[in-house]
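Number of protein chains: 2
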Amino acid sequence: MAIKKVDLKKAYRLLQIGPTTMISAKHNGIENVMAAAWVSLVGNNKVMAFIGKQAFTRELVEKSGYYVVQIPTVKQMNTVLYVGENSYKTINNKLDKIPIFYQDEFDLPLVEGCAGWLICKVIPNARNEKEHNLFMGEIIGAWSDDRVFNNGHWIFDDAPDELRTVHYVAGGQFYAIGKGTKFNHGPGSD
Amino acid sequence: MAIKKVDLKKAYRLLQIGPTTMISAKHNGIENVMAAAWVSLVGNNKVMAFIGKQAFTRELVEKSGYYVVQIPTVKQMNTVLYVGENSYKTINNKLDKIPIFYQDEFDLPLVEGCAGWLICKVIPNARNEKEHNLFMGEIIGAWSDDRVFNNGHWIFDDAPDELRTVHYVAGGQFYAIGKGTKFNHGPGSD
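Sequence lines, in order, name chains Y and R. 180 is the number that the working numbering gives to position 180 of the first sequence; each next residue is one higher, with no gaps. 166 is the number that the working numbering gives to position 166 of the second sequence; each next residue is one higher, with no gaps.
Chain Y on its own, in the form it takes in the complex (with noise of 0.2 Å):
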């Protein structure tokens, strides 16, 4: 298994399957990690992120203007509710459970064990951040298991079922990604 470096115009495809995600920020030294199903693409370049305002991450975010964005597996699954229901605000060692590593280049926390991360900077927006509780970020760095996500494509097929990504719906329910299948047409290219 090997992290790698996931090519910019590609790294859309890590979200694209629709994924719930795990954001994590830091700023003056503090870091944390949340639980955000609310994340999508706008575009193949930008990140559109919903943080709440009760979120403790959503401080470090709007004060560095960076975010990660990374999608954790089927292995992780206790580790997204753990994140998710639980806050900073009170359980201020909350990352004690959560091992962590950097990229060089970036000051910022990435989550081991996911299946790929994606380095997000801010693009503000007054309105869309107050109003929408919207964070837009475009992509500057990106990077995947490449046991599931190799050259620009999953390959969940060939891999463990416990590196598949997870889909949450509510109350702990949860799909894992299932059944790949390839037509010889469509949009987007190798």
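Read the hints as simulated data drawn from the structure, not as lab findings. Watch out, some of these pointers could steer you wrong.
Identical copies look the same in the list; a pair holds intra-copy or inter-copy alike.
Straight-line Cα separation of at most 27 Å, DSS-like style, residue types lysine-lysine; simulated pairs [as the list claims (entries may be wrong)]:
(1) K121 to K53
(2) K46 to K130
(3) K130 to K10
(4) K179 to K75
Please build the complex by placing chain R on the supplied structure of chain Y, with the hints as guidance.
Chain R only, in chain Y's frame:
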């Protein structure tokens, strides 16, 4: 099989698993359907959809103030690729091949055979629309095929595999949603 109304409080769950969608709209008797992978939730009652400037459907949305987000199944993947690869601008009998139906109250075309449908009323925001091709909409109506979504929950594991949602990557590659799991805790409730 029945098409059942979905409680608007739970309609967000149709989209939260991150499916590739089709967007339809109608204005002045003209209707169209497009493929859309960049559609997300904004909280639990709103949608944000990326609708590019080249899309004929965009004019229908701008003029009518409404759009429908529908969630296709594996069985409809050819339809998704067809509407994604062919524009009404060049093939204006595009919809001859796409069976459409209507729900009472709404003069909007819904594509037959989908897993779910969400009617969205545009919340105007000129900057998002012009600069980023983003159309925000409030969810004002929702239905599901009760074989796959019932009582506010997806039930894919009890239904034929061809009714699973699709999650598009690029170049004709897509994944179906996979196996479900239920933890006994987690955000959201029944």
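| request: Just pull the numbers of the violated hints for me, sorted ascending. | output: none
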